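Visitor: Sequence:
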Amino acid sequence: MTLLALSVPICCAACAQTDAARLAAAGRSIGTARAAPAVAEVFATPPEDCRRTTRGGVLAGERLDVAVLRLDAALARQNARTLACADWLSAALRHP
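With the sequence shown counted from 1, adding 331 to any position gets you this note's numbering.
No lab work stands behind these hints: they were computed from the structure. Please note: incorrect hints may appear among the correct ones.
[Unchecked claim] Here are the computed distance ranges between Cβ atoms for each label pair:
#: 1; residue 1: 415; residue 2: 359; range: 30 to 36 angstroms
#: 2; residue 1: 359; residue 2: 407; range: 41 to 47 angstroms
#: 3; residue 1: 385; residue 2: 355; range: 56 to 62 angstroms
Keep in mind that this is a model prediction, so the values were computed, not measured. Don't be surprised by glycine CBs; every beta carbon is placed ideally from N, CA and C.
The task is simple: from the sequences and hints, build the whole structure.
Guide: What follows is the structure, encoded as structure tokens:
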């Protein structure tokens, strides 16, 4: 019983984080904290178009073929906007 009681702390101590691991984790945290303002600058000023949303413009009682055409056009506009904003973000992250 005494041997079992002594082996638990030894096992837990062996699994504990080493000083090297703690230093590495601290270094990653500091690097992230230093990079945060640069990333915040990039994300602070997206193009206004990236914040816009699109509505379908379908009216109650409208014929279904007209409603489908309106929704398709609205989806195409939103998809184009999404792709343009993704391109902007990719360029901003490559060249901060």
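Visitor: The structure should be examined with respect to each hint, and the outcome stated for every one.
Guide: Each hint, compared with the structure:
For the pair residue 415 and residue 359, the supplied restraint of 30 to 36 angstroms holds, since their beta-carbon distance comes to about 34 angstroms. At about 43 angstroms, the beta-carbon gap between residue 359 and residue 407 stays in the expected band of 41 to 47 angstroms. Hint check: residue 385 to residue 355, Cβ distance near 46 angstroms, so the stated range 56 to 62 angstroms is violated.
Of the numbered hints stated above, the single one contradicted by the structure is hint 3.
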